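Position 61 (the sequence shown) corresponds to 61 in full-length UniProt numbering; numbering is contiguous.
If you are wondering where the hints come from, they were derived from the structure by calculation, not from laboratory data. All values derive from a computational prediction rather than experimental measurement. For every residue, glycine included, the Cβ atom is placed at its ideal position computed from N, Cα and C. A hint or two may mislead.
[To be verified] Dumping the calculated DMTMM-like pairs for lysine to aspartate or glutamate here, alpha-carbon to alpha-carbon at most 25 Å:
| hint | residue 1 | residue 2 |
| --- | --- | --- |
| 1 | K88 | E70 |
| 2 | K81 | D126 |
| 3 | K104 | E34 |
| 4 | K104 | D27 |
| 5 | K81 | E32 |
[Said to hold, decoys possible] So the derived label-pair ranges between C-beta atoms look like this:
| hint | residue 1 | residue 2 | range |
| --- | --- | --- | --- |
| 6 | N84 | D51 | 39 to 45 Å |
| 7 | N117 | E70 | 23 to 29 Å |
| 8 | D64 | N114 | 18 to 24 Å |
| 9 | E118 | S5 | 23 to 29 Å |
| 10 | P19 | N84 | 17 to 23 Å |
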Amino acid sequence: MLTTSFRQKNALHCSKRDPELLRRIGDATALEVETLGIPYVFAPCIAVCRDPRWCRCYESYSEDPKIVREMTDIILGLQGKNPNSSLKGVPYVAGRNKVAACAKHFVGDGGTTNGLNENNTVIDVDGLLIIELN
1 MLTTSFRQKN ALHCSKRDPE LLRRIGDATA LEVETLGIPY VFAPCIAVCR
51 DPRWCRCYES YSEDPKIVRE MTDIILGLQG KNPNSSLKGV PYVAGRNKVA
101 ACAKHFVGDG GTTNGLNENN TVIDVDGLLI IELN
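Work out the full structure: start from the sequences and follow the hints.
As structure tokens, then:
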């Protein structure tokens with residue numbers, strides 16, 4: 001079976017920051033995953049890489065939370081656009097060629113102490129709200 005490969009997330013951020021490109025990547029990914037009978041994907045990665053020693057920085061779009069938020073337009077390609085009549089906060093997947101997006105990783109994952117994977121993130125409430133939950 002053939003599959004399509006796309007650039008790593010940080011390369012997508014550096015090259016374009018193009019919401020339409022991300023939507024099209026989401027479309028292609030959803031079609032291929034759904035064809036295999038899988039109804040969901042573990043994407044997008046919304047980790048904000050704050051320490052380059054973290055072994056999963058390559059999965060992050062950026063160390064800037066604003067850029068990470070912008071790059072989540074891939075969800076529109078994966079799930080489809082919510083109709084205007086849809087209730088806010090209610091999950092929606094538009095048709096059989098779309099899949100549910102399941103954001104990863106955990107809050108604070110990209111800012112772990114000493115960059116160790118699955119370690120503690122030590123941050124004050126203001127930092128948490130600004131960086132991770134904005």
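Proposed proximity, D27 with K104 (alpha carbon, max 25 Å)
Distance of about 19 Å is within 25 Å: holds.
Between N117 and E70, does the beta-carbon spacing fit 23 to 29 Å?
Between N117 and E70, where Cβ atoms are some 25 Å apart, the hint holds.
For the pair supplied as a hint, K104 and E34, is the alpha-carbon distance within the 25 Å limit?
Given that 25 Å is the threshold and the Cα spacing comes to 19 Å, the pair holds.
Range hint 39 to 45 Å (beta carbons of N84 and D51) holds or violated
holds (41 Å)
With a cut-off of 25 Å on the C-alpha distance, tell me whether K81 and E32 pass.
Cα-Cα ~18 Å, so holds.
Quick check on a hinted range of 17 to 23 Å for P19 and N84, using CB atoms only.
holds (19 Å)
K81 paired with D126 [C-alpha distance capped at 25 Å]:
Violated: K81 and D126 sit about 32 Å apart, past 25 Å.
Regarding D64 and N114, is the given constraint of 18 to 24 Å on their beta-carbon distance met?
holds (21 Å)
When you take the CB atoms of E118 and S5, is the distance between them in 23 to 29 Å?
Distance hint for E118, S5 holds at roughly 27 Å.
Going straight from one Cα to the other, do K88 and E70 come out at no more than 25 Å?
Holds, because 19 Å separates the two Cα atoms, which is no more than 25 Å.
The earlier numbered hint that this structure contradicts is number 2, and it is the only one.
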